[in-house]
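Q: Just so you know, the sequences run in chain order A and B. Per the working numbering, the first sequence starts with residue 288, numbered consecutively. Per the working numbering, the second sequence starts with residue 288, numbered consecutively.
Don't take every hint at face value.
[Claimed, not checked] The calculated DSS-like cross-link candidates involving lysine-lysine, where the alpha carbons are at most 27 Å apart (straight line), are:
{"id": "1", "chain 1": "B", "residue 1": "Lys607", "chain 2": "A", "residue 2": "Lys590"}
{"id": "2", "chain 1": "B", "residue 1": "Lys432", "chain 2": "A", "residue 2": "Lys607"}
{"id": "3", "chain 1": "B", "residue 1": "Lys590", "chain 2": "A", "residue 2": "Lys607"}
[Stated by the list, open to error] Per the computed footprint, the stretches of chain B lying under chain A, defined by three or more beta-carbons under 8 Å from a beta-carbon of chain A, are:
{"id": "4", "region": "470-481"}
{"id": "5", "region": "498-507"}
{"id": "6", "region": "519-526"}
{"id": "7", "region": "531-543"}
{"id": "8", "region": "567-577"}
{"id": "9", "region": "597-609"}
Derived from the structure by calculation, the hints contain no laboratory data. Where a beta carbon is used, it is the ideal one built from N, C-alpha and C, also for glycine.
Number of protein chains: 2
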Amino acid sequence: MQRRDILGLAGAIGAAAALPGVANAQRSLEEGRFPKPSGKYKRIGTEAAFATQPQLDGFRDIGKYLAEGADLSFTQILLGDSDYAKDMTPRLLNIGEGRIAEMDDGGVAMQVLSLTSPGVQLFSADTAVSIARESNDILAEAIAKHPSRFAGLAALSPQDPKRAVVEMERAVTRLGLNGFIVNSHTDGHYLDEEQNWPILEAAEALGRPIYIHPRSLPETSIAPFRPYGLGGASWGYAVETGTHGMRLLFSGVFDRFPNLKIVLGHMGEGIPYWVYRFDHMYETARRNWGTGGLVNTPSFYLKRNMMITTSGMFSESVLKYCLEVIGPDNIMWAADYPYQNNREAAAFLDAAAIPETQKIQIYSGNAERIFHLN
Amino acid sequence: MQRRDILGLAGAIGAAAALPGVANAQRSLEEGRFPKPSGKYKRIGTEAAFATQPQLDGFRDIGKYLAEGADLSFTQILLGDSDYAKDMTPRLLNIGEGRIAEMDDGGVAMQVLSLTSPGVQLFSADTAVSIARESNDILAEAIAKHPSRFAGLAALSPQDPKRAVVEMERAVTRLGLNGFIVNSHTDGHYLDEEQNWPILEAAEALGRPIYIHPRSLPETSIAPFRPYGLGGASWGYAVETGTHGMRLLFSGVFDRFPNLKIVLGHMGEGIPYWVYRFDHMYETARRNWGTGGLVNTPSFYLKRNMMITTSGMFSESVLKYCLEVIGPDNIMWAADYPYQNNREAAAFLDAAAIPETQKIQIYSGNAERIFHLN
Numbered sequence: 288m289q290r291r292d293i294l295g296l297a298g299a300i301g302a303a304a305a306l307p308g309v310a311n312a313q314r315s316l317e318e319g320r321f322p323k324p325s326g327k328y329k330r331i332g333t334e335a336a337f338a339t340q341p342q343l344d345g346f347r348d349i350g351k352y353l354a355e356g357a358d359l360s361f362t363q364i365l366l367g368d369s370d371y372a373k374d375m376t377p378r379l380l381n382i383g384e385g386r387i388a389e390m391d392d393g394g395v396a397m398q399v400l401s402l403t404s405p406g407v408q409l410f411s412a413d414t415a416v417s418i419a420r421e422s423n424d425i426l427a428e429a430i431a432k433h434p435s436r437f438a439g440l441a442a443l444s445p446q447d448p449k450r451a452v453v454e455m456e457r458a459v460t461r462l463g464l465n466g467f468i469v470n471s472h473t474d475g476h477y478l479d480e481e482q483n484w485p486i487l488e489a490a491e492a493l494g495r496p497i498y499i500h501p502r503s504l505p506e507t508s509i510a511p512f513r514p515y516g517l518g519g520a521s522w523g524y525a526v527e528t529g530t531h532g533m534r535l536l537f538s539g540v541f542d543r544f545p546n547l548k549i550v551l552g553h554m555g556e557g558i559p560y561w562v563y564r565f566d567h568m569y570e571t572a573r574r575n576w577g578t579g580g581l582v583n584t585p586s587f588y589l590k591r592n593m594m595i596t597t598s599g600m601f602s603e604s605v606l607k608y609c610l611e612v613i614g615p616d617n618i619m620w621a622a623d624y625p626y627q628n629n630r631e632a633a634a635f636l637d638a639a640a641i642p643e644t645q646k647i648q649i650y651s652g653n654a655e656r657i658f659h660l661n
Numbered sequence: 288m289q290r291r292d293i294l295g296l297a298g299a300i301g302a303a304a305a306l307p308g309v310a311n312a313q314r315s316l317e318e319g320r321f322p323k324p325s326g327k328y329k330r331i332g333t334e335a336a337f338a339t340q341p342q343l344d345g346f347r348d349i350g351k352y353l354a355e356g357a358d359l360s361f362t363q364i365l366l367g368d369s370d371y372a373k374d375m376t377p378r379l380l381n382i383g384e385g386r387i388a389e390m391d392d393g394g395v396a397m398q399v400l401s402l403t404s405p406g407v408q409l410f411s412a413d414t415a416v417s418i419a420r421e422s423n424d425i426l427a428e429a430i431a432k433h434p435s436r437f438a439g440l441a442a443l444s445p446q447d448p449k450r451a452v453v454e455m456e457r458a459v460t461r462l463g464l465n466g467f468i469v470n471s472h473t474d475g476h477y478l479d480e481e482q483n484w485p486i487l488e489a490a491e492a493l494g495r496p497i498y499i500h501p502r503s504l505p506e507t508s509i510a511p512f513r514p515y516g517l518g519g520a521s522w523g524y525a526v527e528t529g530t531h532g533m534r535l536l537f538s539g540v541f542d543r544f545p546n547l548k549i550v551l552g553h554m555g556e557g558i559p560y561w562v563y564r565f566d567h568m569y570e571t572a573r574r575n576w577g578t579g580g581l582v583n584t585p586s587f588y589l590k591r592n593m594m595i596t597t598s599g600m601f602s603e604s605v606l607k608y609c610l611e612v613i614g615p616d617n618i619m620w621a622a623d624y625p626y627q628n629n630r631e632a633a634a635f636l637d638a639a640a641i642p643e644t645q646k647i648q649i650y651s652g653n654a655e656r657i658f659h660l661n
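Okay, chain A solo, but in the shape it has when bound:
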């Protein structure tokens, strides 16, 4: 979009510009497409990104030293002066009145905030530990100012699992945060690997879920996925994050940590589509080759230990499919603000032809239970 188009547009729709801290063009464009949601539901957005200045400074620093990779490109976009960055970055940084005004406009009662992807996972261990801590403090302050509107997930540093666990304990017991956010792999390593078990153990012991948010595939693996922009939100993010979920399901960590809860966005990152097949192939491999070792079928753990959210997947067909194969207790509403549109996310679920009791579970009941929001 050309700069003058934005100005023209902003002039034509002055109302949007009145919202504090909000750049106008893209947001206003999207707003116009969907009605303002009714006040009928208490909508809790379980995937809602924010950024902190220490995090953006960290991105700026590594951008000076690292070759361009997929995640890094994205972080550099947020630091740049494109129209997209001018719209998005201030909204990510705003965890006060500006954000609340947009939540009101989108019919969102509460957001469960999480540090935008890839969180602190591109940094060196020391930097990651430090920026996670600073960012969690900033998050806790924002929640303290608006406790009825914000909850939050703590950032942590899988680069250093021991120090991650220290921060996890602090985040729950001292800061009162509601869970944890991990942006899929860290330098090609996944949470099912033994060095990360202390993180899983801590999450279970603290009774708080880990939300596994997308990021790009490891640079060493991304070649087939990169053309035509497929490395990102159209496909590659789901491959990466779905793979992370599948590794957890097949690894046995849910036998080891039976009360651990993992949250996946984007309607489960594709995993629910495959329930029939992966159970079947798991069983076939066990019969033919003696592989396996899980106490139950992989789908058992999907239903017992995982929650999925609607972030960025505002499809009634997918929702109904997921209700059928994993049930209404395991699905939570999310918009993926500010990257996706609150109004659209609400319009989709408001209009879905599913029982009212299920809508309430998905909008608020499941999130209140899983994130201890009461």
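Chain A is fixed; fit chain B onto it per the hints.
A: Quick look at chain B alone, frame taken from chain A:
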């Protein structure tokens, strides 16, 4: 399973052993779980693997020289003396009476045969061209002997697109074959890449579809997908083949070759789950960054240029979802014989609560149209 168990089992269920050319244990075990299908439908299995001796000899030769990779491990299993190989390899090699007896047992009227994955794609270009040609000749002979029971897809060598095109023309105009099989990437290259356009152009010109069958991800990319056996049928095959499909959808090849038809097994290798999101993200990227370049949305090409099959995905929930998002004209029945069970594949569709007219389309009508089976 121990060898004496097999013998004991075979003794107990003598009927199965009477089928010619069929090893007994696994098959009989599976058979017992599902009833013999009714004769109500003309069932055309659109994904049915076979092997040829030249192909197996080729696998044996490269096994001597190459490091172990995921595909190569599988081909070496077929050459080995495990119970699995003793059951599977003879069934793959049998494209005569033995196979027909199993088809009768499973209620299958016709199989569209294709050279088992990874086809000729592990070989050097010269070997691939030669084994594809030999195997296509063997296939055409089998069809000539049983024209009402078999149709077939020609193997081809993307290692050498020019010679692949020569073989494609011969396969259709001289041998009367019904389409083509490509087992996803060839040495990390995909059909959307310009050097492979002649293959797409030939398929379009000849009016025959290309079935993109799974194989393992390229060795250079597979690391995150490999643990717990996830590199194969439980997950990695779908990632690889779904990525191939997405590359085709986003690359513009369907604007260039508007009548090209691509077939994907396993209910579309996950792509249908993502229809909402990839259209949305494609549009978002185009608006923000001026990317794109397709005449239509990606899902338009999914519906116009792609067919999916039920191979290995005998889930009524997935079927209904796919009927909703891509429609009954684009779905074909397949069992994935001999790797999956004919009876189970039939029981699933026989029992599905969908209109009778759609069942007939899926069982036979769509396949007859796409593969020119009349």
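Q: State whether the coverage of the region 498-507 of chain B by chain A holds or is violated, taking the criterion as 3 or more residues with Cβ-Cβ distances under 8 Å.
A: Result for this restraint: holds, n = 3.
Q: Quick check: the region 519-526 of chain B, covered by chain A? Criterion 3+ residues, Cβ under 8 Å.
A: With 6 residues in contact (Cβ-Cβ under 8 Å with chain A), the coverage given for the region 519-526 of chain B holds.
Q: Are there three or more residues in the region 470-481 of chain B whose C-beta lies within less than 8 Å of some C-beta in chain A?
A: That given contact holds, which follows from 4 residues of the region 470-481 of chain B lying within Cβ reach (below 8 Å) of chain A.
Q: Given the hint that Lys432 of chain B pairs with Lys607 of chain A, test it: the Cα-Cα distance must not exceed 27 Å.
A: violated (47 Å)
Q: Does the alpha-carbon distance linking Lys607 of chain B and Lys590 of chain A stay inside the 27 Å limit?
A: The hint holds at about 21 Å.
Q: With a C-beta cutoff of 8 Å, work out whether three or more residues of the region 531-543 of chain B approach chain A closely enough for the coverage to hold.
A: Contact hint for the region 531-543 of chain B vs chain A: holds, 4 residues under 8 Å.
Q: Three residues minimum, CB to CB under 8 Å: does the region 597-609 of chain B make the cut for coverage by chain A? Let me know.
A: holds (count 8)
Q: Within a Cα-Cα threshold of 27 Å, do Lys590 of chain B and Lys607 of chain A meet the stated pairing?
A: holds (21 Å)
Q: Count the residues of the region 567-577 of chain B whose Cβ falls closer than 8 Å to any Cβ of chain A, and tell me whether that reaches three.
A: Held - the region 567-577 of chain B has 8 residues with a Cβ nearer than 8 Å to chain A, which meets the minimum of three.
Hint check: a violation occurs at hint 2 only; the rest are consistent with the structure.
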